[in-house]
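Enquirer: Single-letter residue listing:
Number of protein chains: 2
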Amino acid sequence: MSRERLMYLPLGGAGEVGMNCYVYGYGAPDKERLIVVDLGVAFPDMDTTPGVDLIIPDIQWLEDRKDRIDGIFITHAHEDHVGAVGHTFSRLGAPIYARAFTANIARRKLDEYGVEPKAVTTMSAWPEQVTCGPFTVGFAPVSHSIPESSALVIDTPEGRVVHSGDFKIDTDPLVGEPWDPVMWGDIAKSGVRALICDSTNVFNQTAGRSESTLGDNITSLVASADQMVIATTFASNIARVKTLAEAGVRAGRSICLMGRAMRRMVEAGLETGVLSDFPSTVSPEDALSIPRGNLMLLVTGSQGERRAASAQLANGKYRGMTLKEGDLFLFSSKTIPGNERGVIRIINQLSEMGVDVVDDNSGKYHVSGHANRPDLETFHDVLKPQILIPMHGEHRHLREHAKLGTAKGMAAIVAVNGTMVDLSGNAPTVDGFVETGRTYLDGSVQVGQFDGVVRDRIRMALNGHVMVNVILDEDEPLGEPWIETMGLPEMGNSNAPLAELLENDLNQQLMRLSAKTLMDDGKLEEEMRRMTRNIAMSEIGKKPEVTVVISRLQ
Amino acid sequence: MSRERLMYLPLGGAGEVGMNCYVYGYGAPDKERLIVVDLGVAFPDMDTTPGVDLIIPDIQWLEDRKDRIDGIFITHAHEDHVGAVGHTFSRLGAPIYARAFTANIARRKLDEYGVEPKAVTTMSAWPEQVTCGPFTVGFAPVSHSIPESSALVIDTPEGRVVHSGDFKIDTDPLVGEPWDPVMWGDIAKSGVRALICDSTNVFNQTAGRSESTLGDNITSLVASADQMVIATTFASNIARVKTLAEAGVRAGRSICLMGRAMRRMVEAGLETGVLSDFPSTVSPEDALSIPRGNLMLLVTGSQGERRAASAQLANGKYRGMTLKEGDLFLFSSKTIPGNERGVIRIINQLSEMGVDVVDDNSGKYHVSGHANRPDLETFHDVLKPQILIPMHGEHRHLREHAKLGTAKGMAAIVAVNGTMVDLSGNAPTVDGFVETGRTYLDGSVQVGQFDGVVRDRIRMALNGHVMVNVILDEDEPLGEPWIETMGLPEMGNSNAPLAELLENDLNQQLMRLSAKTLMDDGKLEEEMRRMTRNIAMSEIGKKPEVTVVISRLQ
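If you're matching them up, the sequences are chains A and B in order. Just so we're on the same page, my numbering is the position in the first sequence counted from 1, plus 75. Just so we're on the same page, my numbering is the position in the second sequence counted from 1, plus 75.
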């Protein structure tokens, strides 16, 4: 057991889309030196995480091995890859490496926690490399839907590992480096032990389309509009934001960026030089005095987010701007599964105002940032890795990608979050499982996934809540129990107020309890809960959550 | 104002997909005799209606005019058209008319409320008609995704009105009547005043495909499988269930129906004669002893419903049956927007078991039951109505359909739920708005949309709940306040239990309150709530819901 090994351990992103966090290690088992790739977040939803602000990977395993972490590498600046750097920095305390644009975004996040900018080392693109413990790591440019996305080329004592990051193959991405088969051929030349590869679009059978295919379509659409044009996309998709802005300018329109993220991302693009020729824009205040037919707004909120500019415009007004009949609203984006309701809500609100909505159904106004199946195969074929480990995707994506790899002769396995994989041999082997999961940022507190906080919120939402207050004096009830309800109908089937019904019935049942039960807080509480749930069941047909407070006068 | 008018009033389904309920009236304003078309339900979701069991239209307007209702017509047996007949029967008390299959389903629903089968009159297909007050109504067969779907031909003193119901144009629907241009030409011959028309698929630009295009694809798929095949679709889509079953039989497999709805729908189909040659099936018990390669399960739960057979199979077991690596699971269905998360959860669970999942992405294994845009145009062209009122659809669908109608020279308007439309003139006019909305079936109680019950549930889910108990003796606090929390983190930022922190802080602040505040329940409660929220904000970064109970000893 003391031979050295090369290990791979996903802590987030393998078995889900989002919250990416991967660990590589080299050394004797349980003594490996470690590097971390990406520290991303996932977003909460009402079904499973009501009230939660943000979801980050459970990094307890890493924190317990803090002294063995030599570096943290961020592949690109999407929230699901960089979003948790601020929230986790103090617990990991390792140097962070990223390319300029990503570093810019990471530093803004660290700044919110008072962490100095120097915590992040800015890296240039491949062939620059940095040595971190037993690893030598370089950032090889790939195309994606945000500037300076990179695959990581990780040289280890067991050979070269390529971690693809999120990528697509685009020979003309407009912003950033095009697909470079020569560079990749070079990287692959000396052999690739393992490719750890993006899987999100493995079910898409057609080759991906280039960002450059959109400009003409968007330009004709904007040119065809009489009134104001509003377009939304992910703010971080700077190439798209630029394509939209340029289309507006060609149609003789002034461009106005609306929404904090939209302005911040363009700002970061200009600061870091990835955007050098972005059209000039007008402020939201100045936009108000420009004729609507000469104006184009680029707004946040393509996923229906309730507080974003698009939702506020659909609700009536954002920074003084209102939409009117005849305006054109373009979703230059894809709705992420789970966000449909929010997006559809906005589309219907726009429809009520008489605003014409164009979405990406036709594929004319949006392309994906991820490699489709044929593009994955191109990447496999260039790299010719011995081992393929699918990452970033739900189980179905990982499984399909592994099948594809196996069919093509690579040694492939499905490794979900928590799977400790040994990459040292000819084929990957599973060396056990690490306890992992999700941590919830809730207000200013970090809450564990299994702390019961979210479970109780869901229960209250589904069942309502009854509060029972009993005061006892010398182990005798003092007056009737006092009932408050929340989230329950006011009237029961007996046509009397539910709280009153509960008070009367509980009082009667309370009188019948034995002295022994009345003296025992635990028993009394259990009895009151049971009775309350039964009475509610017969009155309103459901069993609510019950909190019992027993006060004893001395 | 005393001239007679022909009115149309949607109470559900116009401005949403689901919960269909439409009213037609004829007579002097506010004295019209009324008929109701469809009484459907909508389904709750965690985002907007946590804990609710079912959503029905608010029929208060109808109930207040109960004595003027001459009949209730159900176009077809989908839940969003027939689901509320049981829940509303006693409040409306009018005779129900439906064709045999729909009547069979309606009677099952009424039976749950102890209503006699004779409440429903079984109608034959057009040209049979029934006279109800000033209306004469016939059921004209249309194709849809359930047997015996019908449009209603409603003859009124102001001419003929056609209410399309949900429909598609299918010349070979396998179960039920094919599209009959001769019958429709005949119906249209004497002129159609108004077409009230299904709008759900208006954005789909390609002509709809026939149910009959699926059989060969499904047969090849099933034939290609080695192990067990499981297929899910809406149970009510009996044509599809039959197509699936026949494909299984052709591949030499025994067919087993799993899930209550699946068995009930096939039963209703056989009872009413719409299904005469359904393959014989085996019981779930007998299925256990059949070799997996010779077995095909047809299961409920195509929308990811948590309690349906497919979810239970994905979770491990249903009626003794388990899935295994190499099984094939077919979703012969489309995921309704909003249900994506549930369906994807199941697909990933199946993936974890090694089950291969095929869904309708390719369009090879599912066709829609609604008319796409070209089919809507075909229907318009055959009927040549003077007036077009789009119904059944979100606002965006209604608006798009109205635009289409206007472009083709029909007098079209968007009339959402609650819009009182006068159809008497050459063009429709809006005669005001009726208060309408949704009623929640919650346990055994009907709750109004704005009763605050659901609002409070959502607030507890988002913010958590703090219960504060204070006992006062002679207007002096007796001991510290007692705090219980639910759905909140146990520890605050001060690294002490939140409940303790609240008790200490509240106690200190309570001591400082004036005698006047302590004597006034309202003021004291408000003060305690405010203090609790502020303390929580600084301790956990969020303001919870607070319930204060003040007990005063006499």
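Hints in this document: simulated from the structure, not taken from any laboratory. Quick caveat, the model's predicted, so the values are computed rather than measured. Misleading hints may appear alongside valid ones.
Identical chains share a label here; the pair holds if one copy fits it or two copies do between them.
Think about it this way: if two alpha-carbon atoms lie no more than 16 Å apart in a straight line, the pair counts; the simulated EDC-like pairs of lysine to aspartate or glutamate are [unchecked claim]: (1) Lys478 - Glu600; (2) Lys483 - Asp531; (3) Lys617 - Asp128; (4) Lys399 - Glu601; (5) Lys184 - Glu138; (6) Lys478 - Glu400; (7) Lys409 - Glu565; (8) Lys184 - Glu602; (9) Lys598 - Glu346; (10) Lys264 - Asp230; (11) Lys399 - Asp596; (12) Lys618 - Asp291; (13) Lys141 - Glu601; (14) Lys392 - Asp526; (15) Lys618 - Glu191; (16) Lys483 - Glu346; (17) Lys439 - Asp550; (18) Lys106 - Glu138; (19) Lys478 - Asp186; (20) Lys106 - Asp506; (21) Lys598 - Glu191; (22) Lys392 - Glu575; (23) Lys618 - Asp128; (24) Lys478 - Glu342; (25) Lys106 - Glu79.
Enquirer: Against each hint, give a clear statement of whether it holds in the structure.
Expert: Here's how the hints hold up against the structure:
no. : hint            : result
1   : Lys478 - Glu600 : neither (55 Å within a copy, 63 Å between copies)
2   : Lys483 - Asp531 : neither (48 Å within a copy, 55 Å between copies)
3   : Lys617 - Asp128 : between (30 Å within a copy, 10 Å between copies)
4   : Lys399 - Glu601 : neither (59 Å within a copy, 43 Å between copies)
5   : Lys184 - Glu138 : neither (20 Å within a copy, 58 Å between copies)
6   : Lys478 - Glu400 : between (51 Å within a copy, 14 Å between copies)
7   : Lys409 - Glu565 : neither (43 Å within a copy, 39 Å between copies)
8   : Lys184 - Glu602 : neither (51 Å within a copy, 37 Å between copies)
9   : Lys598 - Glu346 : neither (66 Å within a copy, 54 Å between copies)
10  : Lys264 - Asp230 : within (13 Å within a copy, 80 Å between copies)
11  : Lys399 - Asp596 : neither (63 Å within a copy, 49 Å between copies)
12  : Lys618 - Asp291 : neither (59 Å within a copy, 49 Å between copies)
13  : Lys141 - Glu601 : neither (45 Å within a copy, 47 Å between copies)
14  : Lys392 - Asp526 : neither (40 Å within a copy, 28 Å between copies)
15  : Lys618 - Glu191 : neither (52 Å within a copy, 31 Å between copies)
16  : Lys483 - Glu346 : neither (43 Å within a copy, 53 Å between copies)
17  : Lys439 - Asp550 : neither (75 Å within a copy, 71 Å between copies)
18  : Lys106 - Glu138 : within (14 Å within a copy, 75 Å between copies)
19  : Lys478 - Asp186 : neither (43 Å within a copy, 52 Å between copies)
20  : Lys106 - Asp506 : within (14 Å within a copy, 79 Å between copies)
21  : Lys598 - Glu191 : neither (55 Å within a copy, 48 Å between copies)
22  : Lys392 - Glu575 : neither (45 Å within a copy, 44 Å between copies)
23  : Lys618 - Asp128 : between (29 Å within a copy, 13 Å between copies)
24  : Lys478 - Glu342 : neither (42 Å within a copy, 41 Å between copies)
25  : Lys106 - Glu79  : within (9 Å within a copy, 89 Å between copies)
Hint violations for this structure: numbers 1, 2, 4, 5, 7, 8, 9, 11, 12, 13, 14, 15, 16, 17, 19, 21, 22, 24, all remaining hints satisfied.
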